[in-house]
Structures are given as structure tokens and as C-alpha cells.
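Construct the entire structure; sequences and hints are all you get.
Number of protein chains: 2
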Amino acid sequence: MKAAELPQNTNCSIWRSLEVLGQKWTLLIVREAFWGRTRYAEFRRIGVPTDVLQARLASLVEEGILERHPYRRPGERTRDEYVLTPAGRDLVPILAALAEWGDEHRPNPRGPASVFVDGTTGRPVALAFTDAVGTPADPSDVKMVRGSGAMAPTP
Amino acid sequence: MKAAELPQNTNCSIWRSLEVLGQKWTLLIVREAFWGRTRYAEFRRIGVPTDVLQARLASLVEEGILERHPYRRPGERTRDEYVLTPAGRDLVPILAALAEWGDEHRPNPRGPASVFVDGTTGRPVALAFTDAVGTPADPSDVKMVRGSGAMAPTP
Numbered sequence: 001m002k003a004a005e006l007p008q009n010t011n012c013s014i015w016r017s018l019e020v021l022g023q024k025w026t027l028l029i030v031r032e033a034f035w036g037r038t039r040y041a042e043f044r045r046i047g048v049p050t051d052v053l054q055a056r057l058a059s060l061v062e063e064g065i066l067e068r069h070p071y072r073r074p075g076e077r078t079r080d081e082y083v084l085t086p087a088g089r090d091l092v093p094i095l096a097a098l099a100e101w102g103d104e105h106r107p108n109p110r111g112p113a114s115v116f117v118d119g120t121t122g123r124p125v126a127l128a129f130t131d132a133v134g135t136p137a138d139p140s141d142v143k144m145v146r147g148s149g150a151m152a153p154t155p
Numbered sequence: 001m002k003a004a005e006l007p008q009n010t011n012c013s014i015w016r017s018l019e020v021l022g023q024k025w026t027l028l029i030v031r032e033a034f035w036g037r038t039r040y041a042e043f044r045r046i047g048v049p050t051d052v053l054q055a056r057l058a059s060l061v062e063e064g065i066l067e068r069h070p071y072r073r074p075g076e077r078t079r080d081e082y083v084l085t086p087a088g089r090d091l092v093p094i095l096a097a098l099a100e101w102g103d104e105h106r107p108n109p110r111g112p113a114s115v116f117v118d119g120t121t122g123r124p125v126a127l128a129f130t131d132a133v134g135t136p137a138d139p140s141d142v143k144m145v146r147g148s149g150a151m152a153p154t155p
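Chains A and B are the protein sequences, given in the same order. Position 94 (the first sequence) corresponds to 94 in the numbering used here; numbering is contiguous. Position 27 (the second sequence) corresponds to 27 in the numbering used here; numbering is contiguous.
Calculated from the structure, these hints are not laboratory results. Please note that the accuracy of each hint is not assured.
Put simply, identical chains are the same to the list, so a pair is met inside one copy or across any two.
Each computed EDC-like pair below joins lysine to aspartate or glutamate, with the alpha-carbon atoms no more than 20 Å apart [claimed, not checked]:
| hint | residue 1 | residue 2 |
| --- | --- | --- |
| 1 | K24 | E63 |
| 2 | K143 | D131 |
| 3 | K24 | D131 |
| 4 | K24 | D118 |
| 5 | K143 | E32 |
| 6 | K143 | D118 |
| 7 | K24 | D141 |
| 8 | K143 | E62 |
| 9 | K143 | D90 |
Given below as C-alpha cells:
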């Protein structure tokens with residue numbers, strides 16, 4: 001059994017998310033998609049090597065995070081655009097959590113590069129922990145405990 | 001200039017967080033730390049190769065996410081425990097966001113391995129987006145827009 005296939009890893013949704021998203025370029029490509037980029041040439045601008053970009057885009061399509069939409073500019077061949085699926089758009093809290101930690105602990109003197117806003121009101125929003133009835137919890141008091149899907153650690 | 005050093009990357013707090021956290025094992029080690037593991041032999045149980053674990057623990061200490069506390073069991077040499085710093089504990093929304101996406105899109109049939117609870121009330125909590133006055137925002141309506149620290153993309 002490969003190390004990464006130990007049951008306490010495969011049972012863990014953090015591990016399963018990182019299987020899809022754990023490479024740095026993957027989440028930066030997703031960041032660009034949230035900023036409205038859809039075309040190969042646009043994703044190239046983040047500096048990702050061509051072969052890595054091709055592999056990551058194919059993987060994100062296979063994992064159901066991006067989907068291909070063909071388009072054709074006059075006089076050119078048909079190309080694919082890459083558009084976030086609903087599962088892809090559900091990644092927004094992961095990007096927001098990464099941005100909030102970076103803004104707090106690795107701040108950019110020019111201010112945040114990414115800001116999260118309510119699409120309806122236009123107001124900035126931030127992540128908060130709330131219980132089932134909406135009562136906010138102090139994040140420094142939130143504990144991460146083992147649930148029904150956790151395996152006992154190997155001895 | 002290396003690709004990853006393009007200004008639109010270095011200005012971005014998502015990128016800077018991923019510089020610290022982007023390797024899969026790093027966040028799995030942090031997960032173990034949240035579950036209360038502190039000792040080298042405990043971290044080894046997740047299946048991480050020894051050399052990788054040593055490098056990741058050193059990096060997490062250098063980045064201010066874990067700190068070393070010496071301890072000694074009777075008759076043994078002094079060893080280090082690894083304990084989350086306040087900056088390390090601030091990673092809990094990133095782990096919660098990863099767990100929530102995994103539970104939704106890559107569910108474990110046995111149920112979630114990680115559950116997040118309010119340490120005071122013991123009630124389960126989940127991430128929500130709220131504006132400055134605490135009004136919740138529909139996550140599917142949250143947009144990620146470029147802030148003051150974002151650079152124009154290279155042409």
C-alpha cells in the first residue's frame with residue numbers, strides 16, 4: 001500500500017480535496033478562472049510552463065472543476081474555453097480562506113490582490129464559522145475533531 | 001524572472017499562502033497537528049517519507065506555523081514536540097474549506113473524517129460568508145475581484 005493510500009488519509013476529505021487541488025499551479029489556474037479568464041493564452045500569463053498548464057487543465061476538466069466550451073474567432077481554428085462548473089465555483093471558500101490567511105500573515109504592502117464581494121450587494125464579505133442556527137463562533141475557539149469517517153491511526 | 005515570481009503572482013495572497021502550504025504533505029501534517037499530534041513518530045503514521053517529513057517540519061517551524069518544544073521521557077534523549085503557533089491555528093478555515101468541498105464533492109461513504117466544532121458549545125460549525133455587519137451572503141453569489149494589490153496582467 002502506498003503511503004498516501006493509508007486509510008486515515010483516503011478517508012479524509014482534506015486529503016481527497018488535496019488530491020485534486022494540492023499542486024500550487026492548480027489553485028492559481030482556478031484563481032484565474034474566478035477572475036474571468038477562460039482562454040489558454042490568458043492562463044499562460046501567470047507564468048505556468050506550457051506542459052504543466054496542459055496537464056492541469058486536462059486534470060481540472062477530468063475532475064469536473066472546469067468544462068470545455070468550443071469557440072472560434074473569425075479566420076481561426078476552433079479552440080476551447082475553460083469555464084468553472086458548479087463544483088469549481090464551490091471552491092470559492094478555499095480561495096477565500098487562503099487569501100485571508102495570506103493577507104493576515106503574509107500581507108502585500110499594496111493591499112490585497114483578491115477581494116471577495118457579495119455579487120448582489122457589492123459589499124465585501126469574509127469567512128466566518130457559524131453553527132446550524134447561524135450563531136457565529138470565535139474561529140480561535142473552533143476545534144477540528146475526528147468524525148465518523150476517521151480511521152484509528154495505525155499503531 | 002522565474003515564472004512563479006511574476007508580479008501578478010507574488011502580489012497575490014493566495015499565491016503567498018500556497019508558497020507556504022502548497023505541498024500536499026504540508027497540510028496533512030497541519031491536519032495531524034490540529035488533531036493533537038505533536039511528536040515525530042505520530043506524524044510518521046500518516047505515511048509521509050522520513051526525509052519529506054523532516055523537511056516539512058523544518059519549513060513549518062521556519063514559517064512560524066509550528067514551534068518546537070523540547071521534552072524528555074525518562075531514560076531517553078531530549079526530543080522536540082511540534083505545536084501549532086497562533087498563525088498555525090489561524091489555518092483552521094483553510095482546513096475547514098478543504099474538508100467541506102471534499103465532503104460535498106468527494107464524499108466518504110463512512111461520513112466525514114474531520115468535524116469542526118465550537119470549542120465552547122461543542123456544536124458543529126461550518127464556514128459562511130458574511131459582510132461587515134454579519135449579514136450572510138449566498139456563497140454561490142460571492143465574486144472574487146481584483147483588489148488594490150493586484151497587478152495588471154502582463155500583455
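Quick rundown of the hints versus the structure:
| no. | hint | result |
| --- | --- | --- |
| 1 | K24 - E63 | both (16 Å within a copy, 17 Å between copies) |
| 2 | K143 - D131 | within (13 Å within a copy, 24 Å between copies) |
| 3 | K24 - D131 | neither (31 Å within a copy, 29 Å between copies) |
| 4 | K24 - D118 | neither (26 Å within a copy, 31 Å between copies) |
| 5 | K143 - E32 | between (32 Å within a copy, 12 Å between copies) |
| 6 | K143 - D118 | between (28 Å within a copy, 6 Å between copies) |
| 7 | K24 - D141 | neither (29 Å within a copy, 25 Å between copies) |
| 8 | K143 - E62 | neither (34 Å within a copy, 24 Å between copies) |
| 9 | K143 - D90 | between (23 Å within a copy, 11 Å between copies) |
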